[in-house]
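**Student:** Here is how the chains run, residue by residue.
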Amino acid sequence: MMSLWEYANPVKFLRLSSKVMPWAWGVGVSCLVIGLVWGFFFTPDDYRMGSTVKIIYLHVPSALMAINAWFMMLVASLIWLIRRHHVSALAAKAAAPVGIAMTLIALITGAIWGQPMWGTWWVWDPRLTSFLILFLFYLGYLALWAGIGNPDTAADLTSILCIVGSVFAVLSRYAVNFWSQGLHQGASLSLDKEENVADVFYQPLLFSIAGFVLLFFALVLLGTRSEIQLRRARALSLRGHTK
Amino acid sequence: MSALLVRDLKLAIRAGGGFGLALAFFLIVIVLVPLGVGPEMDILSKIASGVLWLGALLACLLSLDRIFALDHEDGTLDLLVTSPLPLEAVIMTKALAHWITTGLPLVVVAPLVAVLLGLPSNGYVWLAISLLLGSPALSLIGTFGAALTLGLKRGGLLLSVLVLPLYIPTMIFGSEVARRGIEGAGVQTPLLLLAGISFGTVAVLPFASSAVLRINLR
Amino acid sequence: MLLSVSDLSVSRGGRVLLEGVAFDVQAGQAILLSGKNGIGKTSLLRTLAGLQQANSGQIDVPQNAVVYSAHLDGIKQALSVVENLQFWGAVFGRSNLDAALETFELGDLRDELAGALSAGQKRRLGLARLLMSGRSIWLLDEPTVSLDLASVSRLSRVVSGHLAAGGAAIIATHATLDLNGQEITIDLGKFATTKSDLAASEKAFL
Amino acid sequence: MMPELGKYALSVLSAYGATALILSALVIYVLRRSAVAKAALAAQESSEDG
Chain W
123 MMSLWEYANP VKFLRLSSKV MPWAWGVGVS CLVIGLVWGF FFTPDDYRMG
173 STVKIIYLHV PSALMAINAW FMMLVASLIW LIRRHHVSAL AAKAAAPVGI
223 AMTLIALITG AIWGQPMWGT WWVWDPRLTS FLILFLFYLG YLALWAGIGN
273 PDTAADLTSI LCIVGSVFAV LSRYAVNFWS QGLHQGASLS LDKEENVADV
323 FYQPLLFSIA GFVLLFFALV LLGTRSEIQL RRARALSLRG HTK
Chain V
3 MSALLVRDLK LAIRAGGGFG LALAFFLIVI VLVPLGVGPE MDILSKIASG
53 VLWLGALLAC LLSLDRIFAL DHEDGTLDLL VTSPLPLEAV IMTKALAHWI
103 TTGLPLVVVA PLVAVLLGLP SNGYVWLAIS LLLGSPALSL IGTFGAALTL
153 GLKRGGLLLS VLVLPLYIPT MIFGSEVARR GIEGAGVQTP LLLLAGISFG
203 TVAVLPFASS AVLRINLR
Chain R
2 MLLSVSDLSV SRGGRVLLEG VAFDVQAGQA ILLSGKNGIG KTSLLRTLAG
52 LQQANSGQID VPQNAVVYSA HLDGIKQALS VVENLQFWGA VFGRSNLDAA
102 LETFELGDLR DELAGALSAG QKRRLGLARL LMSGRSIWLL DEPTVSLDLA
152 SVSRLSRVVS GHLAAGGAAI IATHATLDLN GQEITIDLGK FATTKSDLAA
202 SEKAFL
Chain H
148 MMPELGKYAL SVLSAYGATA LILSALVIYV LRRSAVAKAA LAAQESSEDG
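Chains as they are written, first to last, in the working numbering: chain W, 123 to 365; chain V, 3 to 220; chain R, 2 to 207; chain H, 148 to 197.
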């Protein structure tokens, strides 16, 4: 049986991922379309939030992906540092742009959603603030990748930054909760919707979450393939020149 | 290690060592705030503790990218790595030297400069205590960032982008201690958390930084 | 036998430079590494010093036996000659300051700021550091750069003294060093890789 | 066909609009990077056999 680590061989990964790509894109996009169309056109307004409840189909999945993308990068960094598998380091590099885009979507849709309640476009609500902080961590991670020339050194340093960064991201999440209590006004509208989502809204939400997850998977797959192809071109040129 | 510490302190104090630069920067930043925000004392005193913490944090950041760069440029770093000194101890010593030349003076200077912002009277002692407890974390996280950006072209700027997000917990708890001290509310929780982060970074980050340094010197 | 290298392959920037490098160093012996520029002398020395991981192969050397001296001398311009040497003495736990100063005739420059020294004098200060280390195996990377003839012969005398005292040295140099017969010259040309071999990490992508 | 969005129409539409914008920018970026990578590899592989 082909063990999971077999996929770690970059060239083999290229061959196998090309088979998975069409499915990932196809199912992902269709789930997304179903989820959004269903949620946007065929669900009633919420008695409290009116039609803004429709933003849930964007905010919840993107928020979910923003956090899970960083977690995936953390696991990939650990695999790279311990097992030295190129695919996992390059997958982490490919996941970062998708993660930062998801964080941005979560931020903007969160702010727009809260706007009618708060009357302003931005409020330092703990959840929104922690997404803003996560956005900064993504920026640092991408900046470090861009700043280093040698690919292996870059992979090592960004992996260590991701691990150390994760610890501080969790600390920041806790500190932000602590800091907003400090302002003596409780979190006005806490945006974690999972608990009080009525059934009628729930099914389309599942579809759009599935859509976002598969879209993330497809984008990271494509991104990793590009990184491997660039590294392969670099290796060929290294070998080519010395002939 | 003490020889390394003595050497670093000597270098910092000698001509061109840049000992007073971080403090001068801190003073300038604090002076700029009223010029930007306006002279009303009641506004300034409300934001004083946060601004003073931010100024101290930026002052620490400023003097960080030289921490390894000088030794890297003249080859001392390569020689230190191949010397009997464990690299983690070298990093701890470097962070300690940075703390002594930047962190500690800030703990003394900040309350003096706080007068400019009309910091309420009972805030001075808490500001000093919070800076004293928080600044070790600033030095060690900064040393980690300096190791990450060793030898990079635009290292200084990249260092700030990498390190500032890591400063967030320390800054939140630090300025919270000062703010609660002023309001007379219980400072115990933020104080313990601030100290916890500092001791955690002192214990763990040198190992991460030395791994990073070894990779960068490869 | 102080140090033995077997089947060592050294790479730089993803490319293998040297392969199958093998030699032994007995006490009192010096190895002169010769070969054209960029063949991998510095990379080999850095691998022996432990600064760089070998692509493959084996290096047997006792712990804490090696001291490395690179192109850059690791001298602090703002410290005086004495302070520089005292620092390295403290790092290596040695205190034979005067012997080092006298050997490299830096006695009258002892309180001079290192920044004020000439290139040759700085080089001598850098090499004086080796004496302070008390380590048995010296790894010298182009030690004769910016040294005048008198200084080169002084360097030869110092290295010979070190060899006579049971030490060893591996020196990457183009200059001819007269170590009264103790030296063996190895031309790295025979270890250079002709076919363009890639380091393991790059080969994974081919 | 268009559901009655009420007074929050602007918010809902701007949220969907912003998301569409960001997602399309992301997809374009990833696709362009893939094209560049394929081209670089093809160039190397052709000069390899050439």
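Just so you know, the hints here were simulated from the structure itself, not pulled from any lab data. No experiment lies behind these values; they were computed from the predicted model shown. Don't take each hint at face value.
[Unchecked claim] Pairs of lysine to aspartate or glutamate residues, derived as EDC-like cross-links and limited to a Cα-Cα distance of at most 16 Å, are as follows:
id	chain 1	residue 1	chain 2	residue 2
1	H	K154	W	D168
2	R	K123	V	D76
3	H	K185	H	E195
4	V	K12	R	D188
[Stated by the list, open to error] Derived CB-CB ranges, DEER-like:
id	chain 1	residue 1	chain 2	residue 2	range
5	V	I15	W	N131	54 to 64 Å
6	W	T275	R	G39	45 to 55 Å
7	R	G51	V	M3	26 to 36 Å
8	H	A167	V	I102	46 to 56 Å
9	R	L73	V	K155	13 to 23 Å
By construction, the Cβ of each residue, glycine as well, lies at the ideal position given by its N, Cα and C atoms.
**Student:** Determine for every hint whether it applies to the structure shown.
**Tutor:** How the hints compare with the structure:
1. As the CA atoms of H/K154 and W/D168 are separated by approximately 13 Å, the hinted pair is consistent with the 16 Å bound.
2. At roughly 12 Å between alpha-carbon atoms, R/K123 and V/D76 fall within 16 Å of each other, so this suggested pair holds.
3. Taken as a hint, the H/K185 and H/E195 pair is honoured in the structure, with Cα atoms around 15 Å apart against an allowance of 16 Å.
4. Annotation: proposed proximity of V/K12 to R/D188 is violated, straight-line Cα distance about 44 Å (limit 16 Å).
5. Checking the proposed 54 to 64 Å range against V/I15 and W/N131 shows it holds: the Cβ atoms sit about 55 Å from each other.
6. The supplied range of 45 to 55 Å is broken by W/T275 and R/G39, whose beta-carbon atoms lie about 21 Å from each other.
7. For R/G51 paired with V/M3, a C-beta distance near 20 Å fails the hint of 26 to 36 Å.
8. Here the CB-CB span from H/A167 to V/I102 is close to 54 Å, well matched to the stated 46 to 56 Å.
9. The hinted range of 13 to 23 Å is satisfied by R/L73 and V/K155, whose Cβ atoms lie roughly 19 Å apart.
Hint violations for this structure: numbers 4, 6 and 7, all remaining hints satisfied.
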